[in-house]
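> Residue strings, one per chain:
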Amino acid sequence: MNIHVKQDEAAKECRLDDMKQGILGRDVSRPDGLPKVTGTAPYAAEYKIDGCLEGVIVTSTIVKGEVTNIDASSVLDMPGVEAVIDDPRLTARAAQGTAGEAPAQPARKVGYFGQPVAVVVARTFEEARDAAKHLKIEYRVEDDAIVDPEEADAEAQGDGTKMGDLAEAMNSARHSVDVVITTEGHNSAPMEPHAAIAEWDGDKLTVHASLQMLNYNISELADSLDLDEEKIRLIARYVGGGFGSKLGVSEETVAACVAAMELQRPVRVVMSRQQVFQCVMRRSETRQRLRLAADEDGKLIGFGHEARVSNLPGEEFAEPVLQSSEFLYRGENRLLELEVARIHRMTAGSVRAPGEAVGMPALEAAMDMLAEKVGIDPVELRLRNIPERHPAKDLPFTDHSLAECLTKGAEAFGWDKGPRKPMQKREGEWWIGTGMASAARVHNVSEAKARVTLKADGTALVETDMTDIGTGTYAILTQLAGEMLGLPVDKVLVDLGDTNHPRGPGSGGSWGAASIGSAVFVACEAVRKQVAEKAGVSENELSLSDGRVMNGATLTDLLDGADISAEGHYEPGAISEDYTASGFGAFFAEVRVNRYTGETRVNRMLGSFGFGRVLNAKTARSQCLGGVTWSIGLALTEGLKFDPRDGHLANCDLAEYHVPVNRDVPEVEILLLDGRDPLASAIQAKGVGELGMCGGAAAIANAIYNACGARVLDYPMTPDRVIAAMPENA
Amino acid sequence: MSETPDRMDFVSRRGLMKGGVAGAAILPASARAQTASSSEDADGTVPLQRMNVTLDVNGQARQLTIDTRSTLLDVLRHDLDLTGSKKGCDHGQCGACTVHIDGERRLSCLTLAAQAEGHEIVTIEGLGSENALHPMQQAFVDNDAFQCGYCTPGQIMSAVACIREGHAGSDAEIREYMSGNLCRCAAYPNIVAAVKQAKSGMEG
Chain A
1 MNIHVKQDEA
11 AKECRLDDMK
21 QGILGRDVSR
31 PDGLPKVTGT
41 APYAAEYKID
51 GCLEGVIVTS
61 TIVKGEVTNI
71 DASSVLDMPG
81 VEAVIDDPRL
91 TARAAQGTAG
101 EAPAQPARKV
111 GYFGQPVAVV
121 VARTFEEARD
131 AAKHLKIEYR
141 VEDDAIVDPE
151 EADAEAQGDG
161 TKMGDLAEAM
171 NSARHSVDVV
181 ITTEGHNSAP
191 MEPHAAIAEW
201 DGDKLTVHAS
211 LQMLNYNISE
221 LADSLDLDEE
231 KIRLIARYVG
241 GGFGSKLGVS
251 EETVAACVAA
261 MELQRPVRVV
271 MSRQQVFQCV
281 MRRSETRQRL
291 RLAADEDGKL
301 IGFGHEARVS
311 NLPGEEFAEP
321 VLQSSEFLYR
331 GENRLLELEV
341 ARIHRMTAGS
351 VRAPGEAVGM
361 PALEAAMDML
371 AEKVGIDPVE
381 LRLRNIPERH
391 PAKDLPFTDH
401 SLAECLTKGA
411 EAFGWDKGPR
421 KPMQKREGEW
431 WIGTGMASAA
441 RVHNVSEAKA
451 RVTLKADGTA
461 LVETDMTDIG
471 TGTYAILTQL
481 AGEMLGLPVD
491 KVLVDLGDTN
501 HPRGPGSGGS
511 WGAASIGSAV
521 FVACEAVRKQ
531 VAEKAGVSEN
541 ELSLSDGRVM
551 NGATLTDLLD
561 GADISAEGHY
571 EPGAISEDYT
581 ASGFGAFFAE
591 VRVNRYTGET
601 RVNRMLGSFG
611 FGRVLNAKTA
621 RSQCLGGVTW
631 SIGLALTEGL
641 KFDPRDGHLA
651 NCDLAEYHVP
661 VNRDVPEVEI
671 LLLDGRDPLA
681 SAIQAKGVGE
691 LGMCGGAAAI
701 ANAIYNACGA
711 RVLDYPMTPD
721 RVIAAMPENA
Chain B
1 MSETPDRMDF
11 VSRRGLMKGG
21 VAGAAILPAS
31 ARAQTASSSE
41 DADGTVPLQR
51 MNVTLDVNGQ
61 ARQLTIDTRS
71 TLLDVLRHDL
81 DLTGSKKGCD
91 HGQCGACTVH
101 IDGERRLSCL
111 TLAAQAEGHE
121 IVTIEGLGSE
131 NALHPMQQAF
141 VDNDAFQCGY
151 CTPGQIMSAV
161 ACIREGHAGS
171 DAEIREYMSG
181 NLCRCAAYPN
191 IVAAVKQAKS
201 GMEG
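Protein chains in written order, with UniProt numbering: chain A, 1 to 730; chain B, 1 to 204.
The following block holds chain A by itself, in its conformation from the complex:
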């Protein structure tokens, strides 16, 4: 049985709140926890497959040009070497998220330093790695590569937003801010490097890979290999983090498949950490100009946000820096424009919270500067500028929790209200200060399918190719199905990450939980209808709990040996076009800044977030903790450093690219403002995976200013930059 729901209307009546057990929303531990803590959860590279060969990718040592010769004979005599794969089907870049088609091919045309150009296959990893280092490759170099975004020509991305006259508003405004803020590039750096094992039986391909969106990845892989999708099975039961870098099929997966098909042997290809940095995705650096014009009360009359980002020639993706700036604050005179510079650095693509991750820290720092000029509390400035409707599109919001997040967050943090002055508190050589920022992240849903089977033995099975990349999919789908079917969580098995199952939405853009949750929900409704028929009651009256029907017969007895199965198909509908949907939040930070070294340490942070229904308080909190921590990294330590001569990434490992460590993360308090957003999804939930890092860096930046008077305009705010910006008397 199939059930299709297109959400053209609000999900006003959602029976989730009528269920008897109340397990949805609770802090249920992850069912995937046991295999993870015992080391038995298999990630992509960890399937034992007899006779599996090992492939190691060889990358380009030039920036731009062409591979003219790959001398396989230079390594074929080395011990254990089976083959050098140099096939036009090899891909040169990772696919962009939701591309659904092959990324750039073939690998012989070089567009950036570190681009994969060949794969050496040997019996063991050690042999393949050694041979890969010895492979002789000749290039024809093109020396016209521009690698600096400031030197490149830029093209406008879309039409932008133009309303009224921003320049005039700036001229006539009582208070204004006109500032340029930059952010450096970022790497997702998931802990599991990209990996794949491919098996080819002469007709069908079975691939274990570390990917976020199998529903798109299977099309990307099929297109890359010129193979029918029906001939491919993709499996990703455990994914060791993604953060955008595994949205699109990447080079190692295609390489493993090509090698397996050529050699008629299983082949594993795992990227080195350096390769993950060099040839998957970077978040573009940004240069952003913010212009804010306000009246005497601090109400915005003009709002300008222009940004320059970069990408390789031919790539459609442009870091959507202005995404939340479009609707976050009022201002009738608006100018928002995004441009893309074409340069030869590795592909720019999605890194956690593309757009808001870098746009919000710039906007929220500018808002702090405006609050100081107006002479009001920065929380109050935000509260005065929340628009009734989308300022440019004139659309209503689905549910708007920014004001609540700001006020409840401020109260919980102990925010000292009122106008603020820097350099008010010092302990020894440390200046102490606080800062805040708003959070916003657009909410989307995506088409999703899932099959739910209520089994005759009184258990339930949920099947979809949706992934759990650490986000908690296993947990929330277990809770949803358990809640709807009246089963304890240990009677529900969720089977994910297999393209033999109905197609889910994939994990990305924070839409996973709301989309696949809605598909599971509608499938469960269909199952419930059949149970109600068997029980002789209407579905509305049907009460299921602890494996019993109407507190009487067990489900097992009622089913009498027959499974009940339904496939739920959820699709976004008209309301996606009719409303503006976003998650909201607020960040508060206390930092200390060393007056002699410029070192900044975060003392404590608080994040308050509103994103509709909380599906699992434990996993949602963990998502927010992760986001806040990424905010700390973005504010203080993370930045890709490119060699200005050839654009190669100089800090391409975890020793030189500084992700936050445990010591960098102090007390973090998370407030989850549980709510219901009937316009957001069938289960009244919105996304939360990225919200926690959309603006948090500005709370730290603003706290640095409040502490020591250093208004740093370049993220990350490393000690050298803080010292340079510190006033003489600090």
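Hint data in this document are derived by calculation from the structure and do not stem from the laboratory.
By construction, the Cβ of each residue, glycine as well, lies at the ideal position given by its N, Cα and C atoms.
One thing to keep in mind: the hints can contain errors.
From chain B, some residues computed to sit far from chain A (all C-beta separations above 12 angstroms) [unchecked claim]:
| hint | residue |
| --- | --- |
| 1 | R50 |
| 2 | L82 |
| 3 | E120 |
| 4 | S200 |
Looking from chain B toward chain A, a few residues come up when the C-beta cut is under 7 angstroms (computed) [unchecked claim]:
| hint | residue |
| --- | --- |
| 5 | I124 |
| 6 | G149 |
| 7 | P189 |
Since the structure of chain A is already known, use the hints to place chain B on it.
Frame of chain A; chain B shown alone:
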């Protein structure tokens, strides 16, 4: 691992740099049959060299013929099918490969397998199982001290050692002594909570 002169001498005596001898292996011969050679090829390439080792892993003696270049991490993952120890960087930068050698936490990616002979190696698989969780494993589940789970075995091995070392006296101390293990999902505050919970279980 901490390479004392004794240990390096020991490795050297076994001919780590000069090549070992192929012998009985627990792996299929096809995957591991390679005659060792001790001379360099004309072009300076060092030929493949193999040696026999017996590794004490999770209380079991495992006889292996290994590539002399193999790290302990790769031998655990590839040869012994103990994939709980993770490879996150292969350069000692992330901690995902942390195991215990003679009771102390060590980075198995920076330890040649040959160096580990004669020492007790414990991996996450030897710490506890689904039916008999170590208190630290239970604490990680209870406190949601992970998300994707990839850094988790290394975190747990470090966390157990952190307590044994006496470095879990305060939140600040736990943070400091757990900072060698990166978690990009950033479960850090939950990891601190898990260490505190397990500490009472381990010491109580």
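> It remains to establish, for every hint, whether it holds in the given structure.
How the hints compare with the structure:
no., hint, verdict
1, R50, "violated, 10 angstroms"
2, L82, "violated, 8 angstroms"
3, E120, "holds, 18 angstroms"
4, S200, "holds, 18 angstroms"
5, I124, "holds, 4 angstroms"
6, G149, "holds, 3 angstroms"
7, P189, "holds, 5 angstroms"
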